[in-house]
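Undergrad: Here is what each chain is made of, one letter per residue.
Number of protein chains: 6
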Amino acid sequence: MSAIPDRSIRADEVTSPEFARLAKAGVLFILPFGSLEEHGSHLPLGTDMMQAEEVARRVAQELGAVILPSVGYGECRSTRNFPGTLSLSFETVRMLAQDIVSELARNGVSKVLVITGHAGSGHMAAIRLGVLRAVEAQPELRAMVLSDYDIAYELRGKEFPEDDGHAGLIETSRILNIRPELVGKARPVGGTRPPKFMVLPDPETYIPTGVMGDPRGASAEKGETIDDYVVDSLCELVADNFKIKRKKSGRGG
Amino acid sequence: MSAIPDRSIRADEVTSPEFARLAKAGVLFILPFGSLEEHGSHLPLGTDMMQAEEVARRVAQELGAVILPSVGYGECRSTRNFPGTLSLSFETVRMLAQDIVSELARNGVSKVLVITGHAGSGHMAAIRLGVLRAVEAQPELRAMVLSDYDIAYELRGKEFPEDDGHAGLIETSRILNIRPELVGKARPVGGTRPPKFMVLPDPETYIPTGVMGDPRGASAEKGETIDDYVVDSLCELVADNFKIKRKKSGRGG
Amino acid sequence: MSAIPDRSIRADEVTSPEFARLAKAGVLFILPFGSLEEHGSHLPLGTDMMQAEEVARRVAQELGAVILPSVGYGECRSTRNFPGTLSLSFETVRMLAQDIVSELARNGVSKVLVITGHAGSGHMAAIRLGVLRAVEAQPELRAMVLSDYDIAYELRGKEFPEDDGHAGLIETSRILNIRPELVGKARPVGGTRPPKFMVLPDPETYIPTGVMGDPRGASAEKGETIDDYVVDSLCELVADNFKIKRKKSGRGG
Amino acid sequence: MSAIPDRSIRADEVTSPEFARLAKAGVLFILPFGSLEEHGSHLPLGTDMMQAEEVARRVAQELGAVILPSVGYGECRSTRNFPGTLSLSFETVRMLAQDIVSELARNGVSKVLVITGHAGSGHMAAIRLGVLRAVEAQPELRAMVLSDYDIAYELRGKEFPEDDGHAGLIETSRILNIRPELVGKARPVGGTRPPKFMVLPDPETYIPTGVMGDPRGASAEKGETIDDYVVDSLCELVADNFKIKRKKSGRGG
Amino acid sequence: MSAIPDRSIRADEVTSPEFARLAKAGVLFILPFGSLEEHGSHLPLGTDMMQAEEVARRVAQELGAVILPSVGYGECRSTRNFPGTLSLSFETVRMLAQDIVSELARNGVSKVLVITGHAGSGHMAAIRLGVLRAVEAQPELRAMVLSDYDIAYELRGKEFPEDDGHAGLIETSRILNIRPELVGKARPVGGTRPPKFMVLPDPETYIPTGVMGDPRGASAEKGETIDDYVVDSLCELVADNFKIKRKKSGRGG
Amino acid sequence: MSAIPDRSIRADEVTSPEFARLAKAGVLFILPFGSLEEHGSHLPLGTDMMQAEEVARRVAQELGAVILPSVGYGECRSTRNFPGTLSLSFETVRMLAQDIVSELARNGVSKVLVITGHAGSGHMAAIRLGVLRAVEAQPELRAMVLSDYDIAYELRGKEFPEDDGHAGLIETSRILNIRPELVGKARPVGGTRPPKFMVLPDPETYIPTGVMGDPRGASAEKGETIDDYVVDSLCELVADNFKIKRKKSGRGG
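Residue numbers (this note's numbering), protein chains in the order written: chain V, 1 to 253; chain P, 1 to 253; chain F, 1 to 253; chain H, 1 to 253; chain W, 1 to 253; chain G, 1 to 253.
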């Protein structure tokens, strides 16, 4: 975890008039989305939210941004039947994203980044649909939606195995970097994957350990490398998309 | 703020198997609800969430409970047109509450307390309706829904003025107790109230300062007294309703 | 029941051009809401509607108003499992209230009073939400929503017991005043109440007689006193909120 | 209007235990639906409800039945833009019908007749859809849905003109029979009709008087003949469909 | 089936710029709706779609029109429990019709004809409701909705039996005309009909053969006569309603 | 286009009893989904549907399957503002997919393949969500959902350029193979792409030609190679997922 003092602003800590000033100044607002979801027997249920919050914090620190209260729940399909997964419906996620982003635009906010630690395809489609409806109603708003795993998984097939996935080597390393005290010592290995393109009522039967990939070689160092890569890439994308000047260039954290 | 070491459990910090054990053991789960809402020019937008989290933390500590990730957004009607208020629709709040509580029951959780710092009547009706639908579908679940202000406002007409309200003396004192660094020095006074029973498109015109009551006499001491009262009363209600043994008796924190 | 000849206008009895004139003249329109709901073994299922219609009639008579056809159904939670309770869903009540009030505004009506004899919190939240959406879409409309029990229960702790409630002393007295021939001689007494703040699938188990309070001392005289108080208070509120001149002052009926 | 004393039972006038007995005895329940809708400049807005109530009352009297509180609102398309028409949305009508009929079935009622005075095709489709969903969920329920105009218009091309319609000769005669004091002397004549099969945003432009047909020859006697025919035919249909024995045979009222 | 070369345009075969030109030129667009529905043991499931497509093709040929991709599914109530009936919900049909027609109007199309081979009352109400909402939002659009059976059944009581219906003499003849190779030799006869005005969970029990009427005398020649009548009548209606000049007059194909 | 005689079965051409036999025999049912969507100025609006139908036909021929009527409309976001794109809402696509697949399962069908030529992420999420709900309600059903472009784009970075996309080289070649007469000679080249991860109200401004990639080198031969690859890969996947024996092995068409 970074030792740099936190210069990002939390939306819940500012007053109404301060919020008005930030919106008027064209500051970027970041909405972290997570999930409460099984992540093997070695990672905490809030794994997705922790990663999204960490990335949001570091991006906000580097680019200057307001961080909104996290949404700690998501739509979780493949892990739904493991203990501890609380899955919102598609519509609930869509409406949440739509309401929050619409209300930001109604308040004069013009730049919104939604960063979700949970990257399930239904979950992300729900967020994107909600944000699209907000943007279509208020076209002056510019909005960006992605998962930090859209970036982190660029490292698969390079430093990390091609088949790494949910609660695997990358995710375990990142939590070791962010919240090492929450990571269990015994780390189950994932085996098979669900058959391709099937829409299944029982996907968990194909991933009995709740893990995809092999988290045994995970380390905080690897996690730091991944997080640096994610944050750096994301800062570049965000700076480009929203025409924001980066406070520094190159890797770091 | 209490100096007692925090013994409550956070749902996002446990693993899937640990969650299963907690559910099976019949432990109480607490869902804090807040809002991102104007609270005068002196209190932070997250005032409601901070109070709900503080109460949840202390109740969990005293009774033993699992705290779920907070929902930091609510349905806000009367303050909707002040900067910084992000109001979810009624349906979004209803669905969120319904989904989360249903999913808890599906996971075997049998005792749920929803504690909301925001106490708008629409917001609370939405939570109650969502929880009712969850409970009707899974009648083995026992669920309790209230605002800490259902208890705190019992003190109006006693130690506190009858007409104290939103961002007023009680609320300002409580935030002074919990997060003093976030409370502004200049505290506007509220005047008139909206006409009784009218359903208004512009309620903010009747509360120009965004405050109901007079927060100038607020103090952390008063806040502590209120919080102790709320926590103690709530622990008693929860212990009664869910047949949980309190770890200690009497006032404190 | 009052002997004064009825000077109020019924919307179903006027023609299209007459309606247009009334709307243009800025006349108040009153929508009575009731329920078909168990009220002990001694009161009729339409108790709520009868009271709302009586109050609507008398207010219309005093202030001059158009009375819309009553909605004889509501959302009934706590009595839902007693025979004879027909409970609409929250959404149905919301949509009904929203449609009717929106259509009034579309027709040029500028003042609407919704008076509901059923005062369940979900039911009232549904009406309020529907009316709010109508008002937000057509802000020139002024609308007021309340139950006659918002006023009648001001008498609890004064002339009437603090714990009087559903089908109790006040309600039985009022029906004795309005429709004495429908009130049974044997009047069951209520005992316990549901635990506070619990959201229950089976609230009826806590009110086995379907009565809250003790209706044995009810009388038409008490009912008349209550009705006079309700009508007088409501006329004052309505006159204030809508800037209508009262035709007479003081108590009466 | 019939001089026979009214032996039908009103659901709002019975108590909870009485309702339970009626449901258990397999008694027919009748739900009258109307509308608040322009009916020329000579007929009252509640014309549809008045006819449905009259028919319901007479059928109940002859076959023995419980009459539920009327729903005085409907979905009105072609007259929507005339003053005084309050049109519910399709979904609202559907949900109302579905909720009420479902709740009757949940209460053990096994025979339901929905009789609607308003016969717009959308309105009737909404009622039918709602009742269908209720019946599919509770198949032991037998339900019948029709408009009295499904029967009354059998007389077109016989005693009455083929092109008689809304607020025309038949309808005016029936209101002259039921509520003569509400019928205006000046009765506008309808001319053209909307083009066939067109779905129009402005159907009222094709029926400028709000009348279809020629109501000038209307009389209470004609109305009585029509009402007798409707009631007699309906009693026969109901008796057949629900296996109820008629108390008398042949025409009358 | 007609031997005339097909001069109608298929929307799926034109490019984006060509579509723009057609819309701008005010050309009529035709949307054929069908169903996948039991039609006795002798007719194919797509019977309704085949008839709608044939009629659409011939109308387009005669009046000049663009034919949209058919919707091969509908809401089917009375045959729902026979094998092979795939019934969409009312809402799905409504939304489909509304979306397609709204999108046509958004693209500048000003004349739309929806012709549905399936003529169930719920199905048609759903299409009409969807189209009505599209038209109310974009009132410059003119839209017409009907079933070819609104016209074909004008022949009942004349050349064809009064009680002919689903999969009966008319429908079988028409498919013999259009797709003779798909018609089975053994043609079951229908007997009773469901009781009038009943809303039934099991209508199929009243039509055990899935046929209404007697298809044994069906022939391609009869089918051709019917189709000619339908196309000619429809062309006249369409030409009138949309002010389109017919390319030829009188019967033919 | 293949010269092999078509042995696949069309659902609209079989009778009700034949459908029952096919369902009981465990035959695969294929639902082709398309769109009516701009595809440059050189490809027809029905491009997606044509490809899905071609693939469905060839898979059905090889594996033995029943082909359902195509859905010729989809949810189209990025091309929505080009002429000729008719975009269904997300909910409409979801409900259509859910209704059709649920009804298949209700009819005893146990194997369903949904193949969509349109591969927009929202569109596919909608289909997947609808199918998931059908499968969760009827878990004995096995369902597979994909776009032929999930397979065709495996060839990017190999025989075809990495940045080929909508209406580009691959798609143009495929339509040249299937429907050469519909492909325009002038083929616009695509340039830039929308910024990554942005949710845009006006994506078309980033793809002014409506094309992604360079279709100038397209040929029917390339199209045949792609189609063979898609059909062969899909047959293998389908055979595996549904345990169906392929009638022949290896590439071909």
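No lab work stands behind these hints: they were computed from the structure. Among the hints, erroneous ones may be present.
[To be verified] The list that follows gives simulated cross-link-like pairs (lysine-lysine, PhoX-like), each with its CA atoms no further than 25 Å apart:
| hint | chain 1 | residue 1 | chain 2 | residue 2 |
| --- | --- | --- | --- | --- |
| 1 | G | K24 | W | K185 |
| 2 | F | K243 | P | K196 |
| 3 | H | K243 | H | K158 |
| 4 | W | K243 | W | K24 |
| 5 | H | K196 | H | K158 |
| 6 | H | K243 | W | K24 |
| 7 | P | K196 | F | K158 |
| 8 | G | K196 | G | K24 |
| 9 | F | K222 | F | K158 |
| 10 | W | K196 | W | K245 |
| 11 | F | K185 | H | K24 |
| 12 | G | K243 | G | K185 |
| 13 | G | K185 | V | K158 |
| 14 | F | K158 | P | K243 |
| 15 | P | K196 | V | K185 |
| 16 | P | K24 | P | K245 |
| 17 | P | K158 | F | K158 |
| 18 | W | K24 | H | K245 |
| 19 | H | K245 | H | K185 |
| 20 | F | K196 | P | K158 |
| 21 | V | K196 | G | K245 |
| 22 | V | K196 | G | K158 |
Undergrad: Does each hint hold? Answer for all of them.
TA: A quick look at each hint next to the structure:
no., hint, in the structure
1, G:K24 <-> W:K185, "holds, 24 Å"
2, F:K243 <-> P:K196, "holds, 14 Å"
3, H:K243 <-> H:K158, "violated, 30 Å"
4, W:K243 <-> W:K24, "holds, 16 Å"
5, H:K196 <-> H:K158, "holds, 23 Å"
6, H:K243 <-> W:K24, "violated, 60 Å"
7, P:K196 <-> F:K158, "holds, 22 Å"
8, G:K196 <-> G:K24, "violated, 47 Å"
9, F:K222 <-> F:K158, "holds, 13 Å"
10, W:K196 <-> W:K245, "violated, 42 Å"
11, F:K185 <-> H:K24, "holds, 24 Å"
12, G:K243 <-> G:K185, "violated, 44 Å"
13, G:K185 <-> V:K158, "violated, 42 Å"
14, F:K158 <-> P:K243, "violated, 35 Å"
15, P:K196 <-> V:K185, "violated, 61 Å"
16, P:K24 <-> P:K245, "holds, 18 Å"
17, P:K158 <-> F:K158, "holds, 19 Å"
18, W:K24 <-> H:K245, "violated, 64 Å"
19, H:K245 <-> H:K185, "violated, 42 Å"
20, F:K196 <-> P:K158, "holds, 22 Å"
21, V:K196 <-> G:K245, "holds, 18 Å"
22, V:K196 <-> G:K158, "holds, 22 Å"
Checked against the numbered hints given earlier, this structure breaks hints 3, 6, 8, 10, 12, 13, 14, 15, 18 and 19; the rest are met.
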